[in-house]
Amino acid sequence: MVAFTLDGRPVSAPEGELLVHAAARHGTFIPTLCHDDKLDPYGGCRMCVVDVEGAPRPLPACATRVAEGMVVSTNGPITEFQRTLTEMLLSEHLNASPGGRPNELIDLANELGADAPLMLPDAKRAEYDDRNKLMGYDPDACILCARCVRYTQEVMQCSALSLEGRGGHARIVPTWELSWLDTECELCGGCLSVCPTGAIYEKFEEGTSRPERQLEQVRTTCTFCGVGCQIDLNLDPQTKHIVKVTSKDEYLPNEGNLCVKGRFAFNFVHHPDRLEEPLVRGDDGELHPTTWEHALETAATGLQKVIAEHGSQAVGFLSSARLTNEENYLIQKLARTGVGTNSVHSCEST
Amino acid sequence: MDVLRLATLYPELPRERTRLLDNLGRVRREVGPITMELSDALADHMNIRRGEVHEVVSFYSFLQVPTDAVRVCTGPVCDCLGARDLLESTPGAIEVACLGHCDLAPAMTRGDEIVPSVTHSTNDGPAVDLGSGDDTLADYAARGGLALLHELPTLERIVEELKASELTGYGGAGFPTGLKWEAVSREPGPRFVVVNADEGEPGTIKDRYVMELRPHLLVEPTVLAMRMLDASEGYIYLREEYATARARLQEALNEFRAAGLLDGLALELVVGAGAYIAGEETAMLESMEGRRAMPRLKPPFPSQVGYLGRPTLIQNVETLAHIPAILRNGGEWWAGLGTRGASGTRLWSVTGAVAKPGCYEAPNGITTRELVEEHAGGFTDEVGAVVPGGAASGILPPSALDAPLMRDGLQEFGAGPGSAAVQVFPTSYSPLRLLSETMRFFAEESCQKCTPCRIGNRALHHLSEELQRGEAVMTREKVDEWLLAMEKTSICGLGQASPFPVRGAMQHWPELFEPLEHV
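Protein sequences, first through last, are from chains A and B. Residues 1 to 350 in my numbering are what the first sequence lists, from first letter to last. Residues 1 to 519 in my numbering are what the second sequence lists, from first letter to last.
Among the hints, erroneous ones may be present.
What the hints assert, rightly or not - Per the computed footprint, the stretches of chain A lying under chain B, defined by three or more beta-carbons under 8 Å from a beta-carbon of chain B, are:
#1 53-62
#2 82-95
#3 120-132
To be verified - Not everything, but these chain B residues come out facing chain A in the computed CB check (under 7 Å):
#4 Ser-58
#5 Phe-59
#6 Leu-297
#7 Arg-469
#8 Val-473
#9 Ala-485
Bear in mind the hints are in silico, worked out from the structure with no lab data behind them. C-beta: ideal position from N, C-alpha, C; glycine also.
The whole structure should be built from the sequences, with the hints applied where relevant.
What follows is the structure in C-alpha cells.
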C-alpha cells in the first residue's frame, strides 16, 4: 500500500493501482469515456485529467498509477477541462441516439451543463450500412474513443473493426469497410456493449421508442450452453416481452462478455411455434398435449420395451449443449447406472 | 494479379511486426499502391490481424498512392508562393500538407524527383559547415571527420562537453542533449539509438540539408552514440518525401560499413510513409514497431521506456551534426559561437519572401533581420508576418524583426524559436490566411487520438476560415477556453503547441478577430 493525497485528504491504495480506481474507492468519481476496465489504459478522451503535483500538465487518471506521496486534485479549475472537452465532443456528435442505447456523453453534458458552441463543418461522416440484421452502426454518434476497436483486438482477439485514417478523416469502420459478415466478426456484440454513446446498437431497436433505460431488467443465466453466463433480460414494461439482452462487467463468469447466441438469440422465447407443454404422439399418429407425468411415463415405457427386446446396448443417450454441466452429469448417470449403456454423447463435442 | 506478384516477394519480406512499415513501403514500390487485397495478404503473411494492418495502411498519406504520383505541397510558404495555381495547372497532381522543400516553394515532386530540381543555398559555418558538402567518406575524413570513431572519447567526456556547450535538441522541444545522453546511459541495457530524421514542421528544411550535403556528419555521431551506449541496433527514421537524402544516407551507410566502421552494429534506415505526427518521438517508436503513429502517454519517457520497451536515445539530425565539432573544439568553444547571451550556432531554414531561401548556419540569438539580410539576400517584399520556428512556434508581426530568435527574445511576442524555421510572409498574404493554412495543417496531421487535438485544431481552422469572411463561429471566451484545454490536455506536442499561432495572431492583429467580440 502507498499513501497519497486526494483532494487534500490523506488516503492509501495498493501501489500501481490506476488513479481512477483508487479515487473511486475513496468516493471520488472521475468521469471517463474511453476507459474500460477490460482494456489496457488508453488516455485518449482526456475527460479524466487530474492535477498531479510536480507534473508539468494534467495527467489522465485512467492511465496514471498511484505512487507514494503523490498529491492529486480532481476538483477546482481542472473540472473546467471536463466541460470544454465535452463541448468539443458535442461539436461533432450529430446523432445522440441511433438505437436507444444509453449515451454517456450526453449524460456528462447534462451534468456539466455543456453545449456545443459550434458544429464542425466536417462533423458529418460517411454513412455505413451493414447487411447483417443484428448490429447497426451510426458513425455520426461515434466519439472515436476506440473502445470497440480495442475490445475486438484485446478481448475478442479478432479483426472486425478498424480505426481508420487520421485527423478529421479518422473514423471507425468494420475492417476495410466490409460487412461485418465478411470480416472475422462473430457478431458477439461486444463492441456494442462497450460503446459509451450507443453508436453501435441492436439493429432491431433502430429508431426505438423504448430507450434501454426505460426497460425492466431481469437477471438470469443464459440457457445456450454450460458456461453459465449471467445476463439481463431487458423487458418492455408494458408487454413484458424481451426487447434485448445485456450483461454487466461485474457478472461472473462472463464479466459482461456474451456470444452471438446469448446476446441476440432470444426470439424463440416469444415465438408462436415454441413448445410450451409436453406432447405425446397418439394412436392417430398426431401429437397431443399431455401432462409431464404421462409424457415421462410414455418415454420410460418405450425405453424399457427396447431394453427388454434388444438389451441395454441398444439404447444411446444424446444430450444437448444447452444443458448445464450438472444436467449433463445426470444424463450420463442415467445412461450408465439406470440403463446400463456407455453410449452417451453430447452435441457440444462436435 | 497484384496479390500473385506479392506472393513472389514473400521469401524476402520478414515477418517481424517491426518490419511492417518497411514491408508496406516495399510492396508499394514493387507491386503497387496498397489495396485491401495486398494489405490482407501481407497481414496473413506476417501473421498480423488484417484489421490492424488496415489501420496502419490508412494512417499514412502515401501507402495507397502510386510511387510515381505528382505531389504539390500546400504548406503555408508554398501556399503563399502560388501552390494553388500550380495544383490547378498540373493535371492529376495530389495536394499534400508539406514536402519539406520550402526553399523551392511552391514545391512539387514527381515520384522521387523534385521538380524542377534540388538546389541548395547555404553558407560555411563554424560547426556544421554545410558550405562545401562531402561527396564521399574520404572527403569527410579529409576534413577531419571520423576522428571520433578512430579514437573513441569516454562517455564522461562527451557528457561533460555537451553540458558545457549547452546544446539542446534542435527538433523543436529543446531538451538538453548532455542530460539526455547521461540519462540513457544510466538505464540498464540493451539500449537503442534512434535518429529522428522525420523532419516535417512546415518551413523546416535543415535536416534535409545536412543529410543531402553532409550525410557522413550525421552517421559518425550516430555510430559514436551506439558505441557509447552499447546499442547494437540503431535506426534512422527518415520521412518518405526525402528521396535525395535517402539515397545519400544509404550511400554513406554503405561506405561506413565497407570501411569496417559499423562492425558489430546494425544501423538501418527506416522510411516513413507520410505522417507529420510520426516525427513526435513516441509516435515514431510506435511507427517503427508496426503500429499507427499515435503518440504514447508520457511519462515514461523514451530514455527509460523507448523502442520495444527499452531505453532509447532519440536525437534530431541537426543535434547530432553539431556533436563532432563540439567534441573536436570543446563545449565552451561551441557555446561561445552564440550571440546575445545564447550558446552556439544552429541551422536556420529561411524561406518565403527572401531573395535566397535556404538553410544557413548562424548564431543562436540572431534576429530575423540579420538572418535575412546577412545570409538570405534580403527581403523581397514588404514584410507582413514572420513565423520564427516552424508552424507551431507562433506568428510574429513585422515589429519583431529585430527580436533575438531565442526563448527570452520571443517570449513577449508569444512565440518560441522552435525548429528555427524562419518563414517570411509579405503584406499581401493575410495573417488570417496564414493562420488558416497553419491550422488546416495541424487538423489534418492530428493523429486523432485525443479529443482536444482532433477537434480543437479543426475548430480553429474553421474559425480562421470564417474570420477571413468577417464571420465568427465562436465567442472570444470560448476560443480562449478551447485553446487552454488544447494546450493543457493534449497528449503530445502537436495539440499542446498548435494554440501558439492562434494566440500570436490574436495578440498581434486583434482587429482581425474583432468579429469574435460580437457573437
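**Numbered hints the structure breaks, given as an ascending list** = 7
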